[in-house]
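K.L.:
What follows is each chain in one-letter form.
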Amino acid sequence: MLSRQPQEKYRACYAKLLRLYPKAYRDRFAPEMDQTFNDLCRERIKSGEGLLVFAFATFIETSAAILRENSDLILHNIMNRSSTLFLRLVISLMAIAALLICGLGVPRMVADEVSRHPNGAGVPYAVMACAYILCIPFFTALYQAFRVLNFIDRDKTFSHATAVSLRRIRFCALVIGASFFAGIVALRILSAGTGEDGAGPTAIAILIMFFCLIVTAVSTVLEKQVQKAIDLKSESLP
Amino acid sequence: MKQVESDSQGKVKMGPGTLYGSIGRMLEAGLIGETDKKIDPDLDDERRIYYQITTLGKKTLAAELDRYREVVAIAKKRQFA
Chain W
1 MLSRQPQEKY RACYAKLLRL YPKAYRDRFA PEMDQTFNDL CRERIKSGEG LLVFAFATFI
61 ETSAAILREN SDLILHNIMN RSSTLFLRLV ISLMAIAALL ICGLGVPRMV ADEVSRHPNG
121 AGVPYAVMAC AYILCIPFFT ALYQAFRVLN FIDRDKTFSH ATAVSLRRIR FCALVIGASF
181 FAGIVALRIL SAGTGEDGAG PTAIAILIMF FCLIVTAVST VLEKQVQKAI DLKSESLP
Chain H
1 MKQVESDSQG KVKMGPGTLY GSIGRMLEAG LIGETDKKID PDLDDERRIY YQITTLGKKT
61 LAAELDRYRE VVAIAKKRQF A
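Those sequence lines, one after another, are chains W and H. Sequential numbering from 1 applies to the first sequence in our numbering. Sequential numbering from 1 applies to the second sequence in our numbering.
Source of the hints: derived by calculation from the structure; they are not laboratory data. Some hints could be false.
Stated by the list, open to error - Some chain H residues near chain W, calculated using beta-carbon distances under 8 Å:
1) G15
2) P16
3) G17
4) T18
5) Y20
6) G21
7) G24
8) R48
9) I49
Stated by the list, open to error - Listed next, with one range per pair, are the computed distances between beta-carbon atoms:
10) H:Q9 <-> W:D39: 18 to 24 Å
11) W:D155 <-> H:I49: 25 to 31 Å
12) W:F171 <-> H:R48: 51 to 57 Å
13) W:A229 <-> H:L65: 39 to 45 Å
Yeah, the Cβ is synthetic: ideal placement off N, Cα and C, and Gly gets one too.
Hey, can you work out the whole structure from these sequences and the hints?
P.N.:
In structure tokens form, the structure reads like this:
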């Protein structure tokens, strides 16, 4: 088998090097760059010049450009994400706090309550079960909020998927708020006549309900705006 | 690339990496655009893409040249050139 011409070898190496460019850049310019490299090689051969030094210099120059394009892309991604970075951090902290409360706080509170009132052991366990069930809508809402932030980062804010996520967040907030309302009512009924002061848990529940109300209102307004933008976009299409 | 080298009397040598990086940035800024005009039909290849300066590109170039002229004028005025 005949060995390949040096030009072909250099061209194959150059094509491999071009694969290191970011995908969008590679799809756009790699065929042209490959063609240009081939043209330059051909011209040098025609004029009787060697290829080794030229190929080496071009590889170094292109490697530097690859490094620059990749670092530009990384920087661009960081800059784009920085606007939603704070909100991501808040959501993550809320998730960590909820996990800590469910994993450590709730079992401890139930254990305390059971040791204080051994006869009424059923109620604390029921409260614990409710707390864990409420984790489902809570973490669903956090996940949907993360999805919305992802859509914002990808310039897909005004999409049907964003509207769906906002609707789910609203639904989850309503479920949590309604559950806490039912919880307050149940607590009042159960503590009636026992002399127990349920002011502390009631205050916390009212605070959570208020927070759920805000989330519901905000997600409703945002969903309407997103829907309006989607409608406008579809109207402007020919 | 050859044009840049010849215009700068061999002082500036531009490789494909720098050239296509600049083309990408100029395309993004709307200073140049693709064209169907084939400059050299003998060298034609379906992968060969030609670019031409846009109106915005011409305006930007004119503004940049004006800025250079002003700098040269100041240098002359202060007897640096």
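K.L.:
Give a verdict on every hint.
P.N.:
Structure-based check of all given hints:
1. G15: holds, 3 Å
2. P16: holds, 5 Å
3. G17: This interface hint holds because 3 Å falls under the 8 Å limit.
4. T18: holds, 6 Å
5. Y20: With a closest approach of 5 Å, the Y20 of chain H hint holds.
6. G21: This interface hint holds because 5 Å falls under the 8 Å limit.
7. G24: Holds: closest Cβ of chain W sits about 7 Å from G24 of chain H, inside 8 Å.
8. R48: Holds, about 6 Å.
9. I49: Check passed: Cβ of I49 of chain H comes within 6 Å of chain W, closer than 8 Å.
10. H:Q9 <-> W:D39: 18 to 24 Å: holds, 23 Å
11. W:D155 <-> H:I49: 25 to 31 Å: holds, 26 Å
12. W:F171 <-> H:R48: 51 to 57 Å: Holds - the Cβ-Cβ distance for F171 of chain W and R48 of chain H, about 56 Å, lies within 51 to 57 Å.
13. W:A229 <-> H:L65: 39 to 45 Å: holds, 42 Å
Checked against the numbered hints listed earlier, the structure breaks none of them; every hint is satisfied.
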